[in-house]
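Visitor: Line by line, the protein sequences are chains A and B. Reading the first sequence from the start, the letters are residues 1 to 478 in this note's numbering. Reading the second sequence from the start, the letters are residues 1 to 235 in this note's numbering.
Calculated directly from the structure, the hints in this document are not laboratory data. Zero decoy hints are in this set.
Each computed BS3-like pair below joins lysine-lysine, with the alpha-carbon atoms no more than 25 Å apart: (1) A:18 - B:107; (2) B:76 - B:178; (3) B:110 - A:18; (4) B:167 - B:177; (5) B:76 - B:27; (6) B:107 - B:76.
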Amino acid sequence: MKANSTVTLLRFDWLQLKRSHAFWQLTALLLVISGYAAFYGRTEVEQQQQKIDLLKHDIDSSMRVVSLELQKRDTTAAWHYDDFLFSLHANRPDGTAALAFGQRDLHKFAVSITTGTYFYNKYATGYENKTLSGEIANPQKQLAGHLDTSFVLVFLLPLYFILISYNLLSSEKEGGTLLLLAGQAVSIPGFMLTKLALRWLIGAVLGTLIILAAATITQAAFDYRLFCMVLATWLYVGCWAGITAVVTAFHRSSGFNALSLVSAWLLFCLAIPATLTALLNVVYPVDAKAQLTAAVQKANARVFATPKPLLASTFYQQYPLYNNIPRDTFPNGWYNPRWVRAMHLLLDKEVKPYDARYHAQLAQRIRSTDGLDYCSPAVLAQSIFNRTAASDMQQMLAYDTATYHHFALWRDYLDEKIFLHQNTLTKKEFERLPQYHFTPVIDYTQINRRLVALGLVTLSLFASSYGMMKRPLFRKMI
Amino acid sequence: MNILEAKGLSKQYKDKAALSQLDLQIKPGEIFCLLGQNGAGKTTTINLFLGFVEPSAGAAFINGVDVAKQPVQTKKDLAYIPEQVMLYPNLSGRENLSFFSQLAGFKYAKAQLGDLLTGAGLQAGAVDQRVSTYSKGMRQKVGIAIALAKKAKALLLDEPTSGLDPKASNEFSELLKKLSGQGTAVLMATHDIFRAKEVGTRVGIMREGRLVTTLNAADITASGLEKLYLEYMHD
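Okay, chain B solo, but in the shape it has when bound:
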């Protein structure tokens, strides 16, 4: 069964089509990477799956449930990491994680919260520091811990490695693979072709609101993917 599915999903803003007729299925354990320029429709796709915007046509489904019809219900099966993870600055990393995981219906012990945060790559010494002292990378790691704590069936990522240093990006890729291995379906919008090739099961290239091609990541090299991407962008 598909965890994430789009059927003829479209979004029109006045005279501009942000997304046109997207058909997409992502199964448990699959990591689908969306590549494309700014304005290609990647974030719109994610926002439609999140129910942040209403589709002009078609529908987005999470675990078979229409997002537009039951936006709150579908979020139970969904975790989301935005490009910039912003947290409550006067709470610590552990408190932020506790808050978001309790909202998702999970109550963890103090030690478990610490394990989740360190498991996501946060230094043990930073766990109880106020988030106002955190760097972007540290906040991103808390965001990952929030997603992990939710034990969601689907994970939506909007350029999650943007601004992360190579080591942090690499750790993040490992985590994604681990989640994939546990059966989580992942949809990731990214500009990072090499990261997409490295972690993705499938890669889709978007241009002007259309998914112009989809391919298995295993069937292409990183340089081949880059070449293909550039070809689509220059057409």
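So here's chain A without its partners, still in its complex pose:
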């Protein structure tokens, strides 16, 4: 097709779209939902941020008690202030996370690290579980998913695209204009692709606007991550343009096209993701976490009832170097540090296999999901958004692992002061308490791989449709 023919087609096709009330109504509806989605994402992120800030405030207050004490005298009893020493370990969501909230509400996003038992703190304390994880607060939401910006882009933008593109060529046939067009020196496949290109452009521009507006509302950084989301949107809309091209190439009626495209939407956006989730739940059941919580609670009760001498001997087997304190150094009450530490140690030891199983299952699930992402363009696009927003399961696992390491670091640091440094904590040692900030490491290799896959799917769909359109058009259409 000549360049000026292409420009003419684009200009007049746009003129017709501009005059269509349905086009503007659909666009307005999509923009309204996108606005809601942006504010929804922002609210979710703000709620998590507020909870983290609240926890930080509590921790800072406790730590200020120790700090004030250390201002009065340079050294204090480490064990005496054990209950005031906390460290915040949070997976703090940023503005970009508001665009694709992903798995963030399914996992814990903040833990106050203490010298106590890691597993009990993390899984079994009722207050923190309810406050710092959404899974108990709103199970309904887990079923419906989030109506965030990524939902609009992955689920609603294709529907919008289908509604403005399903009758690209069939409307020409049904309206009778195809005959006049076919009498011109233009190739019909070229004509169809030009019309599709305009609709792709509309979808891509609209998707970009939705992302940029959402980023402004959620105060997300305008950085490479946002660019990845924009690029994913362009390719994803391209993919739907490819699917539309293939359906159009069958040269059937508008009704057939609409039905086929909605079926494709149902298949790629709903059926395949639902089947994959069901499959993963069968192979890697999610009950491992419930078992883990129950195991922690049971172990806690059991350990609490274990005779103190037995607990102490277990403790010294693990830490013989700590067995340097005269038996009567500490008061004999129930809150004896050796006994408390021994109890924590035994509890963590008993629970560790459950935790290992849960994490192994999570890791296996992540590995399987990586491959299954390629089963559907919608799953692929959602995966790109979640990974870019650091809201994917991989990040949740990374945060979990980092939390455990931070806990171990904190505990060992303080235990050394309690058991080896005559139960003293100096001002300097207090200032050097281990600090750990979790920063998600975004795997751009995985993201780029998925972007390339979306691009390849789009190209192959267009190549197929062009091949299909080349010859038998008029036997079927005219």
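Put chain B on the given structure of chain A with help from the hints.
Guide: Positioned in the frame of chain A, the structure of chain B alone reads:
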């Protein structure tokens, strides 16, 4: 040189021959009218010249170029008016004409587009109205303007006066004569024997996919042509 030419042109649909061994030459300025019953092969002939269907045997040529081999190239020299001219309803007559003439490579000024439309018989007041408000005759006139704007060497018409009132049909005949005078070769499929006699240079009668006779329109009267046509149909 022949602008439109068919050499042994045939089209077979499974066990039915839609067109058999058509040999036809139409020179610049000639108006060739094809008469025949429904299913006689008139529309198939036009569709073969347009490249809408592939020939089973033989070839159709436009300005010496094989249509089946270069379907897009041959349409540059060709204008086509179907029986029912359907246009984009949410564009005006002027916008529709602008669109189709730009596709053909001609960019006209707003006033020129208006002149072309009024020249084809469209009322001046309707030029900028949406086509959704047009009658069939008005759409047909826009179709004629589209064909005129293309300045094509050949014009293919598939029952173009069907449904037009006598005045509009008469205006259409005048336009055809004008185009013929400018050297355009015209192939028109029609049921209208009197219109064929009136505007045609030559008249061909088709039956069951075959061109059974060809005669100069000047050599026969309208009633004579009707009689001959009926004879072929009753054989």
